[in-house]
Amino acid sequence: MTRARKPQQPLEWYRDPDGRGVDARLHVLDRQMIDTDGVPVSTVDDLELDGVEIGESIDHSRPPQVSEILVGAAILPRIFGGHVPRSRWDRIPWEDVTRLATVVELRVHADDLDATWVERWFRDRVIARIPGGRHAPE
Amino acid sequence: MLLSDLLGKPVHAVDGSSLGAIVDVRFRRSPRTGRHEGALELIALVVSPHSRHSMYGYERGRVNGPLVIAALIRWLHRKSRVIPWDCVSRVEPDAVVLGVEPPVIPLDVRSPIPLTRL
Chain A
0 MTRARKPQQP LEWYRDPDGR GVDARLHVLD RQMIDTDGVP VSTVDDLELD
50 GVEIGESIDH SRPPQVSEIL VGAAILPRIF GGHVPRSRWD RIPWEDVTRL
100 ATVVELRVHA DDLDATWVER WFRDRVIARI PGGRHAPE
Chain B
0 MLLSDLLGKP VHAVDGSSLG AIVDVRFRRS PRTGRHEGAL ELIALVVSPH
50 SRHSMYGYER GRVNGPLVIA ALIRWLHRKS RVIPWDCVSR VEPDAVVLGV
100 EPPVIPLDVR SPIPLTRL
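For the record, the sequence lines run as chains A and B. First residue of the first sequence? That's 0 in numbering that gives the first Met the number 0, and the numbers climb one at a time after it. First residue of the second sequence? That's 0 in numbering that gives the first Met the number 0, and the numbers climb one at a time after it.
If we strip away everything but chain A, and leave its shape as in the complex, we get (with noise of 0.2 Å):
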């Protein structure tokens, strides 16, 4: 185990001189992520970070990686505060992303993922009751 040190890199290089950093709130938080077919599936609420526990010591010998893109309704606790409990977050594996750019491209259906569960519950129970709901308007 490798505990807390000095930096590793010149001090310039955390700065990003080469454009291949990725700041979170700014590149990440709040993009859309759209499927294989380009439909639209939600955007990223949160992300989980592999190699850091809270209250752990900190192993420096394997930096930490952002393993999953988490969705779920992280509005609700951004206005009236608290957190979303783990076990109701939906889940994107991070192997499942092929681009990050101004979106953020999956190699999967939207129709297979969990996260688009609610979208899937409403078309199928309710929008296709409503007569003419099953076809595209003419």
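Rather than coming from a laboratory, the hints here were simulated on the basis of the structure. In this text, all values refer to a predicted model and were calculated from it rather than measured experimentally. Virtual Cβ for every residue (Gly too), placed ideally from N, Cα, C. A couple of the hints might just be wrong.
Example chain A residues on the side facing chain B (calculated, C-beta under 10 Å, incomplete) [to be verified]:
id: 1; residue: Q8
id: 2; residue: V21
id: 3; residue: D44
id: 4; residue: V65
id: 5; residue: T97
id: 6; residue: T101
We have chain A; now place chain B onto it with these hints.
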């Protein structure tokens, strides 16, 4: 741990003094492999001593308009700095605790990094 557990937390130096709150978290993107985006590795915390709010991209140094808003955000986040993740010892429920004295790395890329003894 969730990213939101870090954002907004105060950062405490080795001697217990507060350096400010975490306003953003900097990752470094590994090279792409095939159709996979590269892994994001946590390399640094962006800490602001005066505000917990977002900087709305103004910290990147190339945006400076509208002038009034740019000036306001610059003032709110004056003396913001980058703290390398290597210096962090523990993440407590109410604060991030550093294990070594961090170098002073101003967030604004136009400000020079002061020379320090390492």
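Does the structure break any of the earlier hints, and which numbers would those be? Violated hint (a single one): 6; every other hint is consistent with the structure.
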